[in-house]
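Protein chains in written order, with numbering that gives the first Met the number 0: chain A, 0 to 272; chain B, 0 to 205.
Hints listed in this document are in silico derivations from the structure and should not be mistaken for laboratory results. Each residue gets a CB set at the ideal place from its N, CA and C atoms; glycine is no exception. Misleading hints may appear alongside valid ones.
Residues of chain B clear of chain A, computed beta-carbon distances all greater than 10 Å [claimed, not checked]:
| no. | residue |
| --- | --- |
| 1 | I11 |
| 2 | K60 |
| 3 | L136 |
Dumping the calculated DSBU-like pairs for lysine-lysine here, alpha-carbon to alpha-carbon at most 30 Å [to be verified]:
| no. | chain 1 | residue 1 | chain 2 | residue 2 |
| --- | --- | --- | --- | --- |
| 4 | A | K43 | A | K110 |
| 5 | B | K158 | A | K227 |
| 6 | A | K109 | A | K43 |
| 7 | A | K110 | A | K121 |
| 8 | B | K192 | B | K175 |
| 9 | B | K60 | A | K177 |
| 10 | A | K121 | A | K32 |
| 11 | A | K32 | B | K192 |
| 12 | A | K32 | A | K110 |
| 13 | A | K177 | B | K175 |
| 14 | A | K121 | A | K109 |
| 15 | A | K227 | A | K106 |
| 16 | A | K32 | B | K158 |
| 17 | A | K227 | A | K43 |
Each chain, letter by letter, is given below.
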Amino acid sequence: MERFDRRYIFLVIFLIVLFPLLMPLGLPIRVSKEVSGAYEAIDKIPPGSKIYFACDYDPGSMPELHPMTMAILYHLFSHDVKVVGACLWPGGPPLLEDAFNKVAVQKFGKKYGVDFVNLGYKEGREVVMVSLGRDIPATFPADFYGTPVGQLPVMRGVRSLNDLDMIVNISAGYPGTKEWVQQVQSRYHITLAAGCTAVSAPEYYPYYQSGQLVGLLGGLAGAAEYEKLVGVPGTATRGMDAQSLGHLAIIVFIVLGNVMYLYLKKTGRLTRR
Amino acid sequence: MKREVPLIITAIFGCFMVIDFFVPHPLVSSIGETLQQWAIIVVAFAYVLGVANIARISGQKISRRSRDWFYQFPLLAGLVFMLTVGVVWGVGERTLFNDFYLYAYSPMQGTMFSLLAFFIASAAFRAFRLRSFEAALLAIAAIIVMLGRVPVGTLMWDKLPVVSDWIMNVPQMAAKRAIMIGAALGAISTGLKIILGIERNYLGGE
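So here's chain A without its partners, still in its complex pose (with noise of 0.2 Å):
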């Protein structure tokens, strides 16, 4: 079995996925409970109000995550609501800038400065989230292009994170969702959203159940979810095809493995490494 060539499986794998990627499947999407958690939290924020956006990932769980961003983004500025978004992962301001573009400014025509802004980045992981929790300019005295943020009209009658309705939290890892439980929602008591990818949601779900958390997005799935709840699928919910399949692919290997396992056994010919 050791001698199994690879190969095949990842021959079998890409042709699985690329497959319903080409020509989709459009498999029905069930929205589950911690989801919708986070849209109905979204959606009861008034027109107007601020939140804060932070943008914890990089180009790595891009593929599952900025869906999440973009779907969240499109409820938020769909709604009214002013953002403010940085990131505490280096990779993290030009993925939001992104964002902001396709969704703010393509597609919802809100001005930069006024209805948004990228704070961009800053080191210091947790001291920057309770930072923030205290004093945002003096965290993030400029924004993303160098702009200070005392000449930002959305920045106005913003001092700490509780002059903000809310944070939303995307996150690929640390720092991120566990940090913004523990050092800022556990400590200012402001509701928090998060988004996280699939490997890393069952370690959140704790916080979910003791309410730490309104809503939890785990994956693509989680994304997927929320393309559905604001009526504008994107890649996630294209995506959700090509995953299902690739879940079935692997569920046939793990079969395929354990057969073949039991067969050499029963043979003896199963090989010891």
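Once you have looked at the hints, place chain B on chain A.
Frame of chain A; chain B shown alone:
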């Protein structure tokens, strides 16, 4: 003094940060805020050290002709190039830095992440063996969760997502809470050891 001074500083600031978390007094908050600004500045210097370290280690590898030494050239060239274009022309929209970020760095990182799908499939075939009752239980739970989280699972059996949700919300959650509580107690204990000067690894083991 070389050892005592850092230990005293750690103990004072460590205790203060604990007090700052629990005491919402304006004076404490004000000092805490200042200390956090200091921390952000100090942490930012880690990047300078990081860049210097990469340059030093890469330089050593090249000069010693260590294994795969020639890969250090594209690494250093990329580092210098991105630093230069970022500093000279800025990092905003429609800049050279942004173009390289979006059309080179971003797809490369995405590719690295996508390779996981191939390796997971290969690992599932080779390693997910039903060697014991526990292994079988794990495999069955994994299959249910994998199917329950994707649309095809709902098509196969409409109750599959319910079973998947139960696995995630009951046994998974119980195990996760236990791990998190254990890790938190470990973190508290390590924090106390550092504040009290028992744990001194951050001083280089002195």
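Outcome of the hint check:
1. Listed as outside the interface, I11(B) is consistent with that label: its C-beta sits roughly 17 Å from the nearest C-beta of chain A, beyond the 10 Å cut-off.
2. No beta-carbon of chain A comes within 10 Å of the beta-carbon of K60(B); the shortest separation is about 24 Å.
3. Once the 10 Å rule is applied to beta carbons, L136(B) is consistent with being away from chain A; the minimum gap is 14 Å.
4. Distance hint between K43(A) and K110(A) is fulfilled; the C-alpha atoms sit about 23 Å from each other, no more than 30 Å.
5. Restraint check: the Cα-Cα separation between K158(B) and K227(A) comes to about 20 Å, which is no more than 30 Å; the hinted pair holds.
6. Distance restraint check for K109(A) and K43(A): the Cα-Cα separation of roughly 21 Å lies within the 30 Å cut-off, and the hinted pair is therefore satisfied.
7. Using a Cα cut-off of 30 Å, the hinted pair K110(A) and K121(A) holds, with the two alpha carbons roughly 23 Å apart.
8. With a CA separation close to 25 Å, the supplied pair K192(B) and K175(B) stays within the 30 Å bound.
9. As the CA atoms of K60(B) and K177(A) are separated by approximately 38 Å, the hinted pair breaks the 30 Å bound.
10. The straight-line distance between the Cα atoms of K121(A) and K32(A) is roughly 33 Å, outside the 30 Å bound, and the hint therefore fails.
11. At roughly 41 Å between alpha-carbon atoms, K32(A) and K192(B) are farther apart than 30 Å, so this suggested pair is violated.
12. Among the hinted pairs, K32(A) with K110(A) is inconsistent with the structure: their alpha-carbon atoms are about 33 Å apart, more than 30 Å.
13. Of the supplied pair hints, the one linking K177(A) and K175(B) holds, its CA atoms being roughly 13 Å apart against a limit of 30 Å.
14. For the hint linking K121(A) to K109(A), the alpha-carbon distance of about 25 Å falls within 30 Å, and the restraint holds.
15. For the hint linking K227(A) to K106(A), the alpha-carbon distance of about 18 Å falls within 30 Å, and the restraint holds.
16. Distance restraint check for K32(A) and K158(B): the Cα-Cα separation of roughly 15 Å lies within the 30 Å cut-off, and the hinted pair is therefore satisfied.
17. Among the hinted pairs, K227(A) with K43(A) is consistent with the structure: their alpha-carbon atoms are about 18 Å apart, no more than 30 Å.
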